[in-house]
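**Student:** These protein sequence lines are chains A and B, in that order. Sequential numbering of the first sequence, starting at 1, is according to this note's numbering. Sequential numbering of the second sequence, starting at 1, is according to this note's numbering.
Just so you know, the hints here were simulated from the structure itself, not pulled from any lab data. Among these hints, one or two may not hold up.
Stated by the list, open to error - Listed next, the stretches of chain B that the computed footprint assigns to chain A, with coverage defined by at least 3 CB atoms under 8 Å from CB atoms of chain A: (1) 49-55; (2) 111-125.
As the list claims (entries may be wrong) - Anything over 10 Å on all C-beta distances counts as not near chain B; from chain A, calculated: (3) E41; (4) A108; (5) V121; (6) N126.
Glycine included, each C-beta is placed from N, C-alpha and C at the ideal position.
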Amino acid sequence: MRVAHRFERSGSDDVLMTPMIDVVFLLLIFFVCTASFQVAEQVLPSNLLAAGSVATEIVPPLEQPLERIVIRLRHAGGEPAWLVNDRPYGSLVEVQAVLVALAEIDPALPVVLDIGGSVPVGEMINVYDLCRVAGFSTVQFAASVPTGAGE
Amino acid sequence: MRLPTRKRTSGASFNMTPMIDVVFLLIIFFLVSSHLAKQEVQLDLDLPAAASGADQEEENRPRVTINVLPRGEILLAGAPVAPSELQRRLQHEAARVERDLEVRIRSDRTVPYQYVEPILLACARAGVWNVTFAVVEQAR
């Protein structure tokens, strides 16, 4: 008996691998290339307040607040130091606890950040972020005007 | 009168597969190139982390982005700029757009604040109050 050693399919039933591999490769390249390996950026909005001799010139008159929270951040010996209304705190966690407690009393209290020149921006953003997380609606930056600026 | 009909032979049929391949390749090329062009605008900086950051609004608000490099150099439109010059250019830009101008500060987290403070001061003096800081989401 003769056995057919070759089985030929008709053209319509033929499964072609080449286009499928093409498409799979294309999809692979597409997803690899469009995948964003960058961390998504966010934004922190802020209000500006300039303190010093230039303040009366550029800041519109505001109602005198009953009280305000002044946070001073300094960088001494490579370590940040926090002062909330001239009271020193040893860590950011302590500052956070104070801010949360104050925000529970009155979140409308204006907070003024007085940041030292040597403080890294990352530390400044940490404090600013704490104020926002605590719920304070008004967080402003105090800016010292250099002497001899002519204003 | 009967017109002769012309029948094509099967050997001259039009093969669609290579054309689809090429079209797909072109689509992917333009998608990827536009994606990379968008990323190229942003300078690679080690941004500070924050928990209260909001997602960027992709609206047509006029915006000026100021980059502050780790060594304290201030870049406006990709070129270094002095703080005094910055105030003048922000004033000019704020007057030109006639709308609420947003200034976005993209600063490296290690930069001392003394390099960022003149930017805030220049914004205040130029009458630009809408200042935002670019941050990354804080890991929880």
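**Student:** Confirm or reject the statement that E41(A) sits farther than 10 Å, beta carbon to beta carbon, from all of chain B.
**Tutor:** E41(A) is in fact no farther than 10 Å from some Cβ atom of chain B, at 5 Å.
**Student:** Verify the coverage statement for the region 49-55 of chain B against chain A, using a C-beta to C-beta distance below 8 Å and requiring 3 or more qualifying residues.
**Tutor:** Holds: 7 residues of the region 49-55 of chain B have a Cβ under 8 Å from chain A.
**Student:** So A108(A) supposedly isn't at the interface. Is its beta-carbon more than 10 Å from every beta-carbon in chain B?
**Tutor:** holds (17 Å)
**Student:** Minimum C-beta separation from N126(A) to chain B exceeding 10 Å: can you confirm that?
**Tutor:** violated (7 Å)
**Student:** So is V121(A) really clear of chain B, every C-beta pair being over 10 Å apart?
**Tutor:** violated (5 Å)
**Student:** Can you take a look at whether the region 111-125 of chain B is actually covered by chain A? Rule is 3+ residues, C-beta closer than 8 Å.
**Tutor:** holds (count 11)
Of the numbered hints stated above, those contradicted by the structure are hints 3, 5 and 6, listed in ascending order.
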